[in-house]
Amino acid sequence: MTASEGAESLVRRGTVITAAALLGVAGVYVLAWGYTPIEARQGVAQKIFYLHVPSAWSALLAFSLVGIVSALYLWLNDPRLDRFAAASAEVGLAFSAVMLTTGPIWAKPIWGTWWTWDARLTLTLFLFFLFIGYLALRAALQDPGERARFSAVIGILGLLLVPFIHLSVYLFRTLHPQPVVLKPSRPSLPPEMLRTLLISGAVFLLLYIGLVTIRYGLALAEEAGEHGDAA
Amino acid sequence: MPEWLRLALVIAGKDVRAELRSRTAILSAVVFAALVLVVFNFARDPTALAAVDLAPSVLWVTFALAAMLALNRAFTVEKENAALDGLLLAPVPREALFAGKLLANLAFVGTVEAVTLPLFVLFFNVDLGTALPGIIGVTALATVGFVTVGTIFSAMAVRTRFAELMLPVLLLPFMVPPLIGAVQVTARLLAGRPLSEMMGWLRLLALYDLVFVILCSLVFTAVVDE
Amino acid sequence: MPSSDGPRLLEATGLRRAYGRRQVLRDIDLTVAAGEAVAVAGPNGAGKTTLLRVLAGLARPDRGEVRLEGQPLRRDSPEIRRAVGLVSHQTLLYDDLTLHENLTFAARLYGLPTPAAAARSALDEAGLGARADESPRRLSRGLAQRAAIARALLHRPRVLLLDEPFTALDAAASERLRDELRARREQGLGIVLVTHQLGEAWAVATRIAVIVEGRWACDETLAGSLEGFLPRYQELIGA
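Residue numbers (this note's numbering), protein chains in the order written: chain A, 1 to 231; chain B, 1 to 226; chain C, 1 to 239.
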């Protein structure tokens, strides 16, 4: 199989997976509307939580993979790892953008403000900026080897930044009691909520896999197209 | 003295000597810091908030912005003369090269901070009093944090076309934990709070420094070696 | 195929290097013995500068190895780098430091015992003693080149690599450079001289190697005149 044929097959498989995942998202919608109970304090608007939280998880997963794969790249020097990291970063950017837009839409009716510096939103905001920095740097470098190495460095450093952001937010909040904000992800969720949340998490994971596969395939096709099919 | 330290000091010494001759980066950064302080002064409503409430944030935003100006220098000068090759050709371990650049950058940024602090006291009428040693301490701790990451990012940014724009885009997320910690500790110092209230933040700062100094020294070779 | 019986100072085997998708070096072997000067010629973009950077340890080959005095050149063993010196297009000198400070800095980087004195004597030897306290930006191209060579030789490398050193030199400076390189070669230095102007290298080289599209088109001992070689050279580079 030549490089471009391989790329096409990846894009096809990725599209199938993504389509299945999007159906899954529709399914989650249905579950959210019909199956899960309405939350006492927050009402119907709370249901966006089933999309909002898994988006955040996926963004974090995408970013963690960028970091881990970057470390592997520096060790093994395999360009496929770099391609995967770049694909994961783009998909992660999309997920964090979704999360950052659904967050305020949800927050406004419930908390009365568009934005709050709670742990999840803040972390996702940082991931968003880190993704942007990563992709901006890649766009500014022409030499593929240099681009891969520098991206890997940012990936690794960014991954290590995440626990510090978390720690900072935690310290900030324990020392600065915020107006009481209800965090819906408490451990004692009614079973229907928990199940829907987990299903949604799985669906978003599938969506991540599908989108990254497509993106990876597209990158492979681009490279193969630039230089003929000589591998 | 271990060889890597000797080399780091040689490299840092060269950078400091060269900067003292041309003085471009330090002067621009100091002037910039002074201007930022002036802008802050006119940008606030003096009746709305007491100066001392705003003071830590003003000080640290100024430090952070001025640092970014100063940071670009260390690698721009190597690029101008393509002299980085000279450093890479020599039997200098890359960790020592990073340490040297880091020390030079700390010297530059530290100098800018040392000049900015008295200006800040002057413009904002802040009484440092017994808080001064503490402020110097927390400044050192936080500065090491963002200058470490800033050094490695400026080495990368200098290879791109819009280096002055790329560095802030990359660096700002990384400056947030040291900045938050520094502001929190500075605020408490100025308010005369006991040390126990700051321990969490100080530990955060120290841990950040430790993790990133080690990590950046290790990955530095990926930035400078082809 | 070394042209002298001196000890092998530099041995490169199977060098391959790509930039992105462009394969720049394809299975290059090169050996340089003491007292040899190899002129590496070829058309632009053939891989000459890349080859030099790999030999100097500034670029890592994708495959293959470089050995200096028998020791492999690797990232984790910086000491090996002492054996090589490089004179590239840029002078590697800092404009904000004087010549003397520049060379003292280089001497310290290489851990020489009396850096300032070594710098002073190197500058005197190069005829730059009088200008030791000036900035490199005040020097003419020829003098800056001399300073760059003095810097490259400061730590007494066994192999000197030069990237088109005769560019933009006037006749007198070229003559001086040729004499200096010849003298050093006779003292046992190994030289690799990249050039795309054969004429300038002819008086220095003991061997000629032509690289075309990343491969050697020829690598042989210098024999005969430049005029005699030129037609063959034109043919090799496909002019």
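Read the hints as simulated data drawn from the structure, not as lab findings. Nothing here was measured: the structure is a model prediction, and the numbers come from that model. Do not take every clue at face value.
Unchecked claim - Label pairs and their in silico Cβ distance ranges:
hint, chain 1, residue 1, chain 2, residue 2, range
1, B, V39, A, A202, 20 to 28 angstroms
2, A, D78, B, A114, 29 to 37 angstroms
3, C, R22, B, L35, 45 to 53 angstroms
4, B, A206, A, I105, 57 to 65 angstroms
5, A, G225, C, T13, 29 to 37 angstroms
6, A, W117, C, P113, 57 to 65 angstroms
7, B, E3, A, W114, 50 to 58 angstroms
8, C, A171, B, E3, 21 to 29 angstroms
9, A, Y29, B, P133, 41 to 49 angstroms
10, A, L23, B, L218, 42 to 50 angstroms
11, B, A114, A, V25, 36 to 44 angstroms
For every residue, glycine included, the Cβ atom is placed at its ideal position computed from N, Cα and C.
Hints versus structure:
1. B/V39 / A/A202: 20 to 28 angstroms: 51 angstroms, violated
2. A/D78 / B/A114: 29 to 37 angstroms: 47 angstroms, violated
3. C/R22 / B/L35: 45 to 53 angstroms: 47 angstroms, holds
4. B/A206 / A/I105: 57 to 65 angstroms: The hinted range 57 to 65 angstroms is violated for B/A206 and A/I105, with Cβ atoms some 40 angstroms apart.
5. A/G225 / C/T13: 29 to 37 angstroms: 35 angstroms, holds
6. A/W117 / C/P113: 57 to 65 angstroms: 59 angstroms, holds
7. B/E3 / A/W114: 50 to 58 angstroms: Holds: the Cβ-Cβ distance is about 56 angstroms, inside 50 to 58 angstroms.
8. C/A171 / B/E3: 21 to 29 angstroms: 45 angstroms, violated
9. A/Y29 / B/P133: 41 to 49 angstroms: 59 angstroms, violated
10. A/L23 / B/L218: 42 to 50 angstroms: Distance hint for A/L23, B/L218 holds at roughly 45 angstroms.
11. B/A114 / A/V25: 36 to 44 angstroms: Given range 36 to 44 angstroms: violated, Cβ gap about 56 angstroms.
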